[in-house]
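K.L.:
These are the residues of each chain, in order.
Protein chains: 2
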Amino acid sequence: MRTVEEITTTIRTGLGEIPCDLKLKNVRLVNVFSREIYPTDIYVKGKRIVSIEPGIELQAEETIDCHGQFACPGLIDAHMHFETTMLSPEALSNIIVPNGTLTICADLMEIANVAGEAGLKAMVGNMENLPMRLLLEVPSRVPTAPGLETTGAILGPKEVREIMGWPEAISLGELDPSKILFVKSEYIQKIAETLAKRKIVNGHAIGRMGQELNVYASSGIFDDHETVRVEEMIARLRVGMKVFIREGSTERNLDALVKGALRNHCNLDNICFCTDDKHPNEIAEEGHINYNVRRSQELGMEAVDALRIATVNAAKHFRLEDEFGSVTPGRLADILIVPSLEEMKPSKVFFEGRLVAEEGKMVKKTEVPSYPEWIKDTVHLKNPITAASFRVASRKKSGETTVRVIDMIDRQIINKLLIHTLPVKDGFIERDVENDVLKLAVVERYGKTGGVGVGFVRGFRLASGALAFSTSHDHHNIVSIGVDDTSMAAAVNELARIHGGCSVAKDGKVIASMPLVLGGLMSDKDADVVMKEIEEMNRKAASLGCPMQAPFMALSFISLPTVPELGLTDMGLIDVLNHKLIPVEIED
Amino acid sequence: MRTVEEITTTIRTGLGEIPCDLKLKNVRLVNVFSREIYPTDIYVKGKRIVSIEPGIELQAEETIDCHGQFACPGLIDAHMHFETTMLSPEALSNIIVPNGTLTICADLMEIANVAGEAGLKAMVGNMENLPMRLLLEVPSRVPTAPGLETTGAILGPKEVREIMGWPEAISLGELDPSKILFVKSEYIQKIAETLAKRKIVNGHAIGRMGQELNVYASSGIFDDHETVRVEEMIARLRVGMKVFIREGSTERNLDALVKGALRNHCNLDNICFCTDDKHPNEIAEEGHINYNVRRSQELGMEAVDALRIATVNAAKHFRLEDEFGSVTPGRLADILIVPSLEEMKPSKVFFEGRLVAEEGKMVKKTEVPSYPEWIKDTVHLKNPITAASFRVASRKKSGETTVRVIDMIDRQIINKLLIHTLPVKDGFIERDVENDVLKLAVVERYGKTGGVGVGFVRGFRLASGALAFSTSHDHHNIVSIGVDDTSMAAAVNELARIHGGCSVAKDGKVIASMPLVLGGLMSDKDADVVMKEIEEMNRKAASLGCPMQAPFMALSFISLPTVPELGLTDMGLIDVLNHKLIPVEIED
Chain Y
0 MRTVEEITTT IRTGLGEIPC DLKLKNVRLV NVFSREIYPT DIYVKGKRIV SIEPGIELQA
60 EETIDCHGQF ACPGLIDAHM HFETTMLSPE ALSNIIVPNG TLTICADLME IANVAGEAGL
120 KAMVGNMENL PMRLLLEVPS RVPTAPGLET TGAILGPKEV REIMGWPEAI SLGELDPSKI
180 LFVKSEYIQK IAETLAKRKI VNGHAIGRMG QELNVYASSG IFDDHETVRV EEMIARLRVG
240 MKVFIREGST ERNLDALVKG ALRNHCNLDN ICFCTDDKHP NEIAEEGHIN YNVRRSQELG
300 MEAVDALRIA TVNAAKHFRL EDEFGSVTPG RLADILIVPS LEEMKPSKVF FEGRLVAEEG
360 KMVKKTEVPS YPEWIKDTVH LKNPITAASF RVASRKKSGE TTVRVIDMID RQIINKLLIH
420 TLPVKDGFIE RDVENDVLKL AVVERYGKTG GVGVGFVRGF RLASGALAFS TSHDHHNIVS
480 IGVDDTSMAA AVNELARIHG GCSVAKDGKV IASMPLVLGG LMSDKDADVV MKEIEEMNRK
540 AASLGCPMQA PFMALSFISL PTVPELGLTD MGLIDVLNHK LIPVEIED
Chain E
0 MRTVEEITTT IRTGLGEIPC DLKLKNVRLV NVFSREIYPT DIYVKGKRIV SIEPGIELQA
60 EETIDCHGQF ACPGLIDAHM HFETTMLSPE ALSNIIVPNG TLTICADLME IANVAGEAGL
120 KAMVGNMENL PMRLLLEVPS RVPTAPGLET TGAILGPKEV REIMGWPEAI SLGELDPSKI
180 LFVKSEYIQK IAETLAKRKI VNGHAIGRMG QELNVYASSG IFDDHETVRV EEMIARLRVG
240 MKVFIREGST ERNLDALVKG ALRNHCNLDN ICFCTDDKHP NEIAEEGHIN YNVRRSQELG
300 MEAVDALRIA TVNAAKHFRL EDEFGSVTPG RLADILIVPS LEEMKPSKVF FEGRLVAEEG
360 KMVKKTEVPS YPEWIKDTVH LKNPITAASF RVASRKKSGE TTVRVIDMID RQIINKLLIH
420 TLPVKDGFIE RDVENDVLKL AVVERYGKTG GVGVGFVRGF RLASGALAFS TSHDHHNIVS
480 IGVDDTSMAA AVNELARIHG GCSVAKDGKV IASMPLVLGG LMSDKDADVV MKEIEEMNRK
540 AASLGCPMQA PFMALSFISL PTVPELGLTD MGLIDVLNHK LIPVEIED
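Protein chains in written order, with numbering that gives the first Met the number 0: chain Y, 0 to 587; chain E, 0 to 587.
Keep in mind that the hints were calculated from the coordinates and are not lab data.
Everything numeric in this text was worked out from a predicted model, so none of it was measured.
Where chains are identical, the list cannot tell them apart; a pair therefore holds if satisfied intra-copy or between any two copies.
Distance condition first, Cα-Cα at most 27 Å in a straight line; then the derived DSS-like pairs of lysine-lysine: (1) K196 - K157; (2) K196 - K120; (3) K46 - K183; (4) K46 - K178; (5) K375 - K531; (6) K46 - K363; (7) K508 - K524; (8) K524 - K344; (9) K24 - K46; (10) K344 - K360; (11) K524 - K360; (12) K531 - K364.
My request is simple: use the sequences and hints to build the entire structure.
P.N.:
Now the structure itself:
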């Protein structure tokens with residue numbers, strides 16, 4: 000928010016009483032407010048834009064001749080989670096800022112499940128040094144599956160009210176439709192608290208249509224980033240919800256929705272862009288929100304419209320258009336200098352008036368600061384983990400028994416129920432490695448209950464050893480898969496030793512591990528290092544026979560207790576549709 | 000704002016667990032959010048819209064078959080003052096609600112100058128009984144001309160901060176450009192207080208262009224309702240300001256700006272409608288915001304766009320689109336049933352789910368409630384007013400002298416300086432009735448100083464008697480014009496007797512008066528009565544020889560100390576451009 004001093008300085012500078020800091024001379028301004036592109040100069044003082052008036056002359060400390068390049072507002076990612084990139088906000092900034100993304104609206108539900116309000120505070124604690132703006136969509140589901148999982152923290156209506164008062168808090172994060180359709184009063188309280196602060200409520204309306212969608216919207220939910228089909232987009236706009244067109248790593252909705260929006264002459268003002276989850280290597284390859292802008296043009300959208308969607312629309316949606324989202328007087332000087340709108344690769348990136356990136360590289364890499372010690376120490380095993388921790392008792396002494404197996408559907412976050420027959424030995428159910436039915440375990444890691452949920456899974460095709468990961472949606476206990484219990488114990492214990500991360504074990508010994516010390520979710524290293532480390536971990540997993548491209552990501556989703564049909568938590572196997580614990584072994 | 004109970008009831012009704020109150024069957028919905036018109040049914044529970052989904056069946060207490068008529072959101076007047084209509088909000092509602100205006104964003108600067116925070120409180124004090132929504136643009140200039148006029152109250156930054164916290168307060172009202180261009184810190188403080196509350200700042204950018212406009216916008220001002228020319232509209236959109244297209248009684252900007260917006264393909268999302276000042280008789284004749292919608296279509300705009308401008312655009316601008324501005328689930332059920340979009344005459348008007356008007360008439364007239372006694376007692380003369388109060392002393396004993404005269408420009412709020420020679424008798428300057436140079440006086444009426452400013456004016460063409468009025472912009476002392484001092488005294492004293500209003504005197508005797516007891520500005524009677532009364536007053540003024548159509552309105556603006564070149568306040572004659580008091584008589 001602007002102080003009296005800041006407003007006064009901006010005015011006096013515009014009046015010529017004080018020199019500007021910066022003149023961006025000879026730009027073609029992409030004015031997303033008036034929907035025009037025209038030549039002018041831009042004057043900046045401190046963090047603010049002073050003037051965009053063509054043909055005037057103000058004094059400036061520094062003048063940069065842009066030789067007719069385009070000047071666009073900094074891009075906005077209207078919804079994303081960054082913990083899953085394994086990067087700190089600082090490391091992330093080093094790869095997205097050169098692509099022109101200067102505002103991220105982040106739902107930090109992962110760190111909130113680990114460390115609650117304190118975790119969120121730690122994430123927004125170093126904002127002065129960040130070359131981008133980190134805004135908070137306050138997580139609405141901490142925990143996601145109350146009563147069925149142990150989390151590090153809980154955010155109830157009281158905590159949400161408190162956090163919603165922070166200046167960084169802009170909305171209530173992706174509220175699950177089932178909370179509305181089953182009339183859960185705790186979540187309705189969170190909505191009311193948010194609206195009372197004149198902030199907005201983000202949706203998460205996967206597949207919902209018709210009257211269900213009307214009911215969902217009627218509760219005060221204003222947007223959806225889970226829109227996949229054109230009919231869904233139109234349905235959401237009709238009930239008064241904005242559509243965030245998502246282009247992430249696995250969910251790629253842009254082509255279909257941009258084409259549909261153009262074909263159906265949709266009101267583009269109610270559309271924003273987001274990535275939701277986009278992995279560092281893909282950002283490095285194709286870009287971030289600038290990819291959305293580029294691709295939308297390839298699909299036939301005018302550049303100024305693609306840029307409106309990528310900038311001012313999100314600023315308006317979050318009621319922050321007085322602060323950013325357009326290159327207009329008084330707004331923060333988030334400005335991209337771009338040689339070609341088709342390519343959308345900024346030659347210069349200014350964040351709040353400061354040059355932060357040039358020609359795809361940071362002017363100065365953002366260093367990961369020293370995070371508080373406690374956030375690097377969030378992995379605690381209440382009881383020692385041994386091979387015996389992963390035993391699954393049978394009602395039988397020997398022979399065979401029928402069990403419920405989680406069946407992974409490749410590249411989709413859907414975990415089906417598979418009925419399978421497994422051998423029983425000495426009263427315990429064994430794996431069927433030949434048919435790829437391996438053990439899956441979720442180990443409580445907040446030092447609270449010591450619970451270990453054990454089940455069976457098909458789809459990873461490991462031939463030996465075990466993997467473990469302290470990112471396990473959304474509770475983020477340790478999830479492990481293995482061909483033998485001793486390797487699983489080694490992999491899990493390694494994560495306790497390194498304060499979270501991922502590990503690979505073979506023959507009962509750890510053969511590789513990668514620390515993610517920030518809440519057990521994120522690295523405190525830079526993006527380049529993290530990308531190399533995860534590649535190496537993937538290679539090590541492959542050496543166990545796993546053919547998957549991203550086995551750890553698959554592992555982080557495979558036990559989800561909220562996605563049909565089967566889940567697994569530290570409490571045990573979950574019947575997702577009936578929202579209850581069920582036994583692994585099927586009664587005869 | 001929605002309560003938990005309200006959200007819960009809306010959801011449960013949508014789920015079919017509770018019956019709806021109302022079903023509007025068989026409408027053609029003008030969906031201003033998706034920019035479409037299509038057939039459906041609308042379900043309402045309490046004040047809220049439950050569902051607009053076509054083809055579903057919910058139980059409802061009452062069903063109204065709309066036989067394919069259009070359903071539109073209630074209209075919004077984005078900027079207006081209603082004190083100048085002489086009507087209370089209740090009386091005003093009886094003429095605008097049947098025209099479909101259900102939200103007024105009112106800058107109540109007149110009552111604020113009279114009675115400050117308490118006056119504003121009294122105006123928004125009876126909202127439960129009002130069949131429309133009264134929102135407050137918190138007046139930024141109380142007083143308008145500090146140091147040059149006596150007002151009943153002052154609203155400094157402290158008071159603005161306080162009032163901005165009220166739920167009815169949505170913005171800081173029309174901030175004068177000179178306050179920014181002369182860097183007045185008090186007003187910058189008011190801006191900062193407003194932005195800190197996530198509310199917005201309304202502009203008043205008369206004629207400003209180029210760098211001045213950039214400086215003005217850079218202070219955080221987001222809109223302008225004083226836009227007259229197409230180039231001005233484009234300039235405002237370029238600097239990130241919304242344009243409120245104004246169609247009032249005297250200022251009629253709609254035709255030019257709508258045509259210009261269409262011709263220049265302006266982004267219509269950044270445009271709203273307002274009336275600023277529209278008189279009851281004109282509202283009765285041609286309508287209110289529905290006139291703007293109708294006329295815009297005649298000029299070639301699509302109905303759905305004209306309605307977007309008249310509804311959801313203003314709701315978004317004021318960051319209240321979660322509450323009203325579209326017929327979408329969860330929003331307040333402000334719904335117009337309209338047989339023809341071209342004519343925009345609602346057959347039924349629902350405000351917050353309640354039928355309030357039908358076929359151009361209120362279902363039940365809103366009664367003016369009993370306002371607090373103190374607000375009906377705001378006119379106090381500190382000293383007795385007699386003919387002698389209006390004497391203008393000369394340096395000469397007799398003969399002639401040269402004076403500064405306020406020269407009225409017919410139908411424009413511009414008061415020019417005229418140099419004229421007047422007779423001097425017994426040391427006092429006399430009128431020149433033959434040449435229409437009459438006396439003008441402003442009498443302090445808050446019982447504070449007893450000041451009487453006296454000058455000369457040309458343009459009213461009174462042949463005898465005097466007029467007085469307790470509405471005198473923006474300080475609202477008593478202004479009087481007269482052919483003889485005795486009649487002026489009689490007219491002024493009458494206003495003290497009737498607690499404000501307007502009066503006509505002849506030969507030293509009052510021949511007519513009309514009380515405006517609410518702050519000396521507004522009547523506590525209904526619109527019909529007020530319209531008849533003012534017509535009668537205008538007739539009486541005509542009987543004195545005044546040929547003007549609206550002499551009292553002219554009188555209320557003739558002494559304005561903020562409009563070039565000459566003004567008059569209770570302190571004396573004002574040199575507007577140099578912002579100082581000057582003598583009536585010119586030195587030789």
